[in-house]
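Full structure from sequences and hints, please.
Under numbering that gives the first Met the number 0, the first residue of the sequence shown carries the number 0, and numbering increases by one thereafter.
Think of the hints as simulated: they come from the structure by calculation, not from any bench.
Computed from a prediction, not measured in an experiment: that's the story for all the values here.
Just so you know, not all the hints are guaranteed correct.
[Stated by the list, open to error] Label pairs and their in silico Cβ distance ranges:
hint	residue 1	residue 2	range
1	Asp217	Gln116	47 to 55 angstroms
2	Pro181	Asp81	54 to 62 angstroms
3	Asp207	Ser178	32 to 40 angstroms
4	Lys12	Glu46	38 to 46 angstroms
5	Asp47	Lys215	40 to 48 angstroms
6	Gly43	Asp23	27 to 35 angstroms
7	Lys173	Gly43	20 to 28 angstroms
8	Lys185	Phe159	23 to 31 angstroms
[To be verified] When the alpha-carbon atoms are kept at most 30 angstroms apart in a straight line, the in silico DSSO-like pairs for lysine-lysine are as follows:
hint	residue 1	residue 2
9	Lys33	Lys138
10	Lys111	Lys95
11	Lys156	Lys173
12	Lys215	Lys95
13	Lys156	Lys215
14	Lys111	Lys33
15	Lys56	Lys33
16	Lys95	Lys49
17	Lys95	Lys53
18	Lys138	Lys12
19	Lys56	Lys215
20	Lys17	Lys49
21	Lys138	Lys215
22	Lys56	Lys138
For each residue, glycine too, the CB sits at the ideal point set by N, CA and C.
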Amino acid sequence: MFHINVSLFSKTKSLENKIDFFHDKLLDAAMTFKKAVRVFLDEGRSEDYKKLSKQVKQIEHDADNLRREIENSLYAENLIPDLRADVLHLVENLDKVINKFDEVTYMFYIEKPEVDQAYHIRINELCDLSAECAENMAKASRAFFRDLSSVRDYSQKVYFIEHESDISADNLRKAVFDSELPLANKLQLSNFINEIADIADIAEDFIDELLIFTIKRDI
Numbered sequence: 000m001f002h003i004n005v006s007l008f009s010k011t012k013s014l015e016n017k018i019d020f021f022h023d024k025l026l027d028a029a030m031t032f033k034k035a036v037r038v039f040l041d042e043g044r045s046e047d048y049k050k051l052s053k054q055v056k057q058i059e060h061d062a063d064n065l066r067r068e069i070e071n072s073l074y075a076e077n078l079i080p081d082l083r084a085d086v087l088h089l090v091e092n093l094d095k096v097i098n099k100f101d102e103v104t105y106m107f108y109i110e111k112p113e114v115d116q117a118y119h120i121r122i123n124e125l126c127d128l129s130a131e132c133a134e135n136m137a138k139a140s141r142a143f144f145r146d147l148s149s150v151r152d153y154s155q156k157v158y159f160i161e162h163e164s165d166i167s168a169d170n171l172r173k174a175v176f177d178s179e180l181p182l183a184n185k186l187q188l189s190n191f192i193n194e195i196a197d198i199a200d201i202a203e204d205f206i207d208e209l210l211i212f213t214i215k216r217d218i
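Here it is in structure tokens:
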């Protein structure tokens, strides 16, 4: 199973490029998100952080436009009709991850949480895990369109990293609630931890569906 090494795009170069660009946007969002959180923890809502937050917002905006173009191409040009519904569903769910990167980055910008230095390393580690989960999700998704034999490998990485993300988030929440911080601070930090960990959860849900679609292509 998952032995096919045939692109879906033998006659749809324009669509291929758009979907490639869409995956690139997701990878850009993940990298910019990690950098933004590091800057926030070091500098707070500084000018550098504002620039990075705007970059994530622009990536999200560009991805939305690409998603609409992909949807229009699939319907207007009647491209890959047998898999059109699956492709649309995958693109919409990829977009959810990009939206989540933007949402969490904007939360830091608006709420300006006070994060004790003691938690900086662990929050960065959680961000790295969630971003890495999304990055491998993007690679698995790209493989779905180009090389089914690689889908399972990237999918297994997502499952492994998501599990590590859960452990990291649980340990971090426990440390926060065991601390002497005021309850309001604990609750705010816990909410941020949940939001960051949700990125990995969304990626895992995406992979669950991607593997089903991959089996359908391989039949």
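Practice item. Of all the hints given earlier, name the ones this structure violates by number, lowest first. Key: 19
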